[in-house]
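There are 2 protein chains.
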Amino acid sequence: MTAQTQRPDLLIVGSVAFDTIETPFGNAEKALGGSATFAAIAASYFALPRIVAVVGEDFGAGSRHLFEERGVDLSGLQTIPGGKTFHWKGRYHQNMKDRDTLETRLNVFAGFDPELAVDLKKAPYVFLGNIGPSLQAKVLDQVEDARLIGLDTMNLWISEAAKDLEQVLRRVDVLFLNDEEAFQLTGEPLVLNASRKILAMGPKFVVIKRGEYGALLFGETLCLFVPAVPLGNVVDPTGAGDAFAGGFMGSMAAAGAVNRSTLSRALRVGTTMASFACESFSVNALSRLDPEKIDGRIAFLESMSAV
Amino acid sequence: MTAQTQRPDLLIVGSVAFDTIETPFGNAEKALGGSATFAAIAASYFALPRIVAVVGEDFGAGSRHLFEERGVDLSGLQTIPGGKTFHWKGRYHQNMKDRDTLETRLNVFAGFDPELAVDLKKAPYVFLGNIGPSLQAKVLDQVEDARLIGLDTMNLWISEAAKDLEQVLRRVDVLFLNDEEAFQLTGEPLVLNASRKILAMGPKFVVIKRGEYGALLFGETLCLFVPAVPLGNVVDPTGAGDAFAGGFMGSMAAAGAVNRSTLSRALRVGTTMASFACESFSVNALSRLDPEKIDGRIAFLESMSAV
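For the protein sequence lines, the chains are A and B, in the order given. Under the numbering used here, think of the first position of the first sequence as -2, with each following residue one higher. Under the numbering used here, think of the first position of the second sequence as -2, with each following residue one higher.
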C-alpha cells in the first residue's frame, strides 16, 4: 500500500520551523518542526508531498536532507537570504497534553507570501496546514483542478480571523480541528451538533482530532471513528495533529477516490502517523518508518475495533 | 439478542438511591438513582438482574414498580423500617461533564451489611457496583461458583481504602474505572501502562471508561476499543458509567462465554446503554427501550468503526 513509485502529488502549505521543546522527561533544541514538516513527512509514505513554505538562511543542508530522504519536493520552499527560520519554544506539563508557549519568533514567516510555480498549481491534492486563513485562501486562489482540499486550523484563527476562516471554509473539502476548536467555532458543546454546523459552513467532511482518544469523521451521511494507538512511551506530542492530517491526506491521495472505505482507511493512517510522531522529538521516529511498521499499526487499529 | 426469557442470573450489589440533580438545562428532584439501579436496568435487557441493596421506608411502590416492569428481582433489596433511602445531590457544570456534589446523605446505606439468600449466592454472574471495597469483598465471600465477576470503583475508594481495594481486586475478573482513576490507582499517566499494572493486580480484564470518548478494554493479549455514541442531546450523564457496566455484564451473561468476540460485543452494549442513560434524568430513557432501538444503536457503533 505504501508504494514509493508514482505517488500522486500532494501540495502542502504551512510552516517549516525550528522547535525548542521542554517536557518533564527531556528536551530538544531547535529541532525541525512546523505544520508543513510533520504533514509532509507523514504523507511521504503515501503521496509525493510538495511543500510551499518559507525558511531562513539558517535552514541547513541537514534539514533539507531529511526531507529529500523521504522524497519530499522542496522546489516550493523559499529561502530568504539573511533571514531566520520561524522558531517556536514550548514547555509541556506533567500530563504531556497541556503546554505553554514560551516564545514565538515568526522571523521570515512574518513575510510569507505564497506564490505557486506553474506545476504546483496543478496538484490534485492540497493540504492547507495550520497558518492564517487569508494565507490559506491565497494558496487556494492559485490552485487549479484540485480533487480534494484539506484544511487545518487552530483556536488563534477562530478567535482572531473568524471572517477569513469562514470564507476559506466554504472552499475546502475536509476540515481538521479538535474538540475545543469545534466548540469554539460553533458554540456547540456536543461534537455531533458542532460537526453538523461545520458541515453547513462548507466542508464536506469534518475530522475531529481527539489526541489520545482517537478521531471522529462526520459527513452529511457519514460518521466514522478510529481509536488512537495506545502508546507505552510518549516523548513529545508536538506535530501529532499535523502528522495526522498529513497521513490522512496522503492516504486519500493514494486511494484516488472519496468514499466510506477510503475515508475510514485515511483515519487509521492519520492516527497511525500521529502515534509515531509522539514517540520521538521532531520527526525522528516519523521519518524512519518502513511500510511493514506502518501496516502493522494500521492492522492493530483494525483489530481493536473488530466486531 | 435481547430475549426476555431464560435470562441468566446477574447478581448486582450497589446503591439504590434518590438523586437530586441540577444541570444548566434542567433539574430532577429525588429521582431514582444509584449504581445498582442504573446497572440493573441496563442489564435487564440481557440478563436477569438480582439486586442486593438497602433502602428506607420512603422507597415507594412507584420506584419498585419501575424495577418490576424491567423484570428485576428485588428479593435481595432490604427495606429498613423508619429509615430513609440514600440521597445524593449534585450540580453539573456548563460542560455537562464536571460536577459538584452538593450533599450526600447515606441514611440507611451507612448500615448496609449485605447478607445473601441461598439462591442469590449461586448467581453465575456478579457485578459489584461502586461501593466500599470491604462491602464488595463481603459479597464475594458469600458467592459460590461465579463464572464472571465485575467490579466498579471510584477515586474515593482508591484514596481512602486502597488496601481493601487491592485485596478485592485479586478476586475479580473485570475492573471498570475511568482514565483518572486508572492513573490514580497505578501512578501511570498512560492508559496502556496503567492497564498493564492493573492486570498484574489480579483482574483478567480492565475496562477504561472514557465518557464521550468511548471505552478501552485490555487483557493480557487483548486490546479492544469502542467509541461512544455521538449524542445530539445530553440531559444528565449521572449513572452512565453504571449503565455501561450493567450493559457490559448483562451482555457477557447472555453470551455465556468469555472471548474476544463476546468482550467486544459487551463493550458495544455497555456504551449503547450508557448513551441511553445520558438522554434523560434518572432511568427514564433507559427503562423504556425495546430490542430494536438497542440493536440499532449497536449496529451504528459497528458501522462507525467498520473497515
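Hint data in this document are derived by calculation from the structure and do not stem from the laboratory. Do not rely on the hints blindly, as some may be mistaken.
Identical copies go unnamed one by one, so any copy, or any two together, can satisfy a pair.
Derived DSSO-like pairs: lysine-lysine, alpha-carbon spacing no greater than 30 Å straight-line [said to hold, decoys possible]:
#: 1; residue 1: K290; residue 2: K194
#: 2; residue 1: K160; residue 2: K290
#: 3; residue 1: K194; residue 2: K86
#: 4; residue 1: K194; residue 2: K135
#: 5; residue 1: K119; residue 2: K94
Computed from a predicted model, the values in this text were never measured in an experiment.
Have a look at K160 and K290 and pick one of within, between, both or neither, based on CA distance no larger than 30 Å. neither (42 Å within a copy, 42 Å between copies)
Could you figure out if K119 and K94 sit no more than 30 Å apart (CA to CA) within one copy, between two copies, both or neither? neither (38 Å within a copy, 47 Å between copies)
Is it within, between, both, or neither for K194 and K135, if the alpha carbons may be no more than 30 Å apart? within (25 Å within a copy, 52 Å between copies)
Is the C-alpha distance from K290 to K194 at most 30 Å within one copy, between copies, in both cases, or in neither? between (38 Å within a copy, 26 Å between copies)
Indicate which option fits the pair K194, K86 if close means a Cα-Cα distance not exceeding 30 Å: within, between, both or neither. Neither. Shortest intra-copy (34 Å) and inter-copy (35 Å) distances fail the 30 Å Cα cut-off.
The structure fails to meet hints 2, 3 and 5 from the earlier list, while all remaining hints are met.
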